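Let's have the full structure, built from the sequences with the hints guiding it.
Order-wise, the sequence lines are chains A and B. Take the first sequence: its letter number 146 is residue 146 in the working numbering, and every next letter is one higher. Take the second sequence: its letter number 210 is residue 210 in the working numbering, and every next letter is one higher.
If you are wondering where the hints come from, they were derived from the structure by calculation, not from laboratory data. As the structure is a computational prediction, the values presented were derived from the model and not from experiment.
Using C-beta positions, here's what the derived DEER-type ranges look like:
1) B:Glu44 / A:Gly91: 54 to 60 Å
2) A:Ala108 / B:Ser185: 52 to 58 Å
3) A:Ala221 / B:Ser260: 34 to 40 Å
4) B:Asn74 / A:Thr204: 32 to 38 Å
5) A:Arg244 / B:Thr282: 32 to 38 Å
Quick partial rundown of chain A residues pointing at chain B, CB under 8 Å, derived from the structure:
6) Pro222
7) Asp227
8) Val230
Just so you know, even glycine gets a beta-carbon here, dropped at the ideal spot from N, CA and C.
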Amino acid sequence: MTRTGAAAGYHGYYHEAVCYESDDDLLAVAVPFLLGGAAAGEPTIVALGERAASVVRAALPGDAPITFMSGGAMYARPAGAIRAYRKLLAGHVAAGAPQIRIIGELTADLFGPVWDSWARYESAINHAYDEFPLWSMCAYDMRTAPAQVYEDVLRTHPRTARPDGTHVPNETYVDPVTFLSDRRLPVPDPLQRAAPRADIAEPTLGDARQAVRDADGGRLAPDDVDDLIVAVSEAVANAYRHGRAPVRLRLWSSADRIVVTVTDGGPGPKDPFAGLLPTGDGLAGGLGLWIAHQSCDHVAMYRDAGGFTIRLTTGN
Amino acid sequence: MHRQRDSSRRGRQLGWLLLRGDECHGVRRMSPATRAGHECWSYEDQGLFDAYARRCVDAGLAAGERVWYVPSHNSEVTPLPGGDAVRVIRFAEAYAGDQVVDPAGQVAAYAAATEDALAAGFTGFRVVADVTPLVRTDEQRDAFARYEYVIGRYMRHHPMSAVCAYDRGELGEHAVAELACLHESSHAAGVTFQLHPGATSAEAVLDGELDTSAGELFATALRRTDLDRAGDEVVVDGSGLRFIDHRALLTLQRYAESQSTTAVLRTRLGAVARLAGLLELTHVRVEAAR
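Here it is in structure tokens:
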């Protein structure tokens, strides 16, 4: 059993972008990709946004053995998406699949303030999925994607699949270690323009958790607050374990959003995949940032003159 | 070994304490509604402990209980009211410094003392004791920690309560923490969680918050429980749990795995089930607390 299509003979993850200007462009790439996988007996999966999925579904024969997954559910949080896909891929490989084909989509709602974390996702998966015989296409609707998004797509995908059937290398692609090591400053949250609700020097982990509980105005789902407490506790624990003094926690909140920054005087994690992938079995550390990334809506990690900061956000 | 200087014809030895003069008058039916307490009091200031102990003695007497008070070796003990209801027992009279407590024997001794108190018409039995001399060595502390856990279960079901005091200045914070976390509650012991017995030997109760500060303390505490290894599962009642991090969950997993059992952790915290899912725990199952 060998791989088929453009990835035939390729070892590891064959990662492509699809930057479509029209539905016809999308179909010109997606339909032969999906039907080719189905014909070869390869697990073939669609994880597009709702609109694009319906366009593609309508263009496929009704009996094509193609699995449709909810792109919105799959792409809730970057670290969670990596974990879910890795489990999915491992399952197919264990079942003997020579190749898995997936066409997915990050939709316009992710192109705003949280885009930085999805750009990092797109880069990290070049490494995170490379142990699997995966051929994936990441579809981007150029009618909604800002210039920054397009630039990042080309830097994080080794190649682009075009409607004319060609697969061309992206000249601006950079390896994930390089891309992820550039910890750009995130878009400031509007709440951060005001003085923080809490500003705690050298907080204990209990102090940090209580600050989140105190900030809960009752408009966030209790599970989301519980999860943010987990994330903040892990971030502070990480600062003490791996960072340098001084450690400082700041918290801003509105009725339906809480933003927490944890700063330490160190340079931040050396591992460019920190947070996106677990780096150990937890016995000797390595899971804290990974858990923090899966326990709130958005995580940004960056360096500035004050040291290393992890910003954790939950809510609207 | 005990020095039984006063083991008169009517007296009998009860573990590390010497009971003098009381006779057993049979077992009184005890109210199941009676809920005793098992509290750890860690101190550095002798005066503060003495004052607290006195309040506990007074509260016991006011509640109609028989009270035993075992003061510290340098406590100032003023005359206590209560007549026969209260007994002051000096360690030097009843204790040899190298004794390692026998957990089962000590529980049996206190069970007999509780029954005696009830038979004599008291509403219950209360002990206020500075037990610092019993936990000075590692061996003593290990045995006493196991005893602290199992006596807690006796107190759940019987009208006995206890305040166990430890001199933090002499024993050190870590040693006191090892003991304190096995009580139902603790004072000034620097612990953020309490692991104490549930209604049966297959159940433990875990309250408070567990994060990196719990560290090895939680693993040590679990080893000192008598959680029943015979069944398929043990239950950890976490309805009073405010936080548990992934390290503590992994500690619970390792404990359960070592005992060839599954720990069922019941908690109101939704995040715990999600954490357990991320960690793909094989020997811990998280359920919603009722």
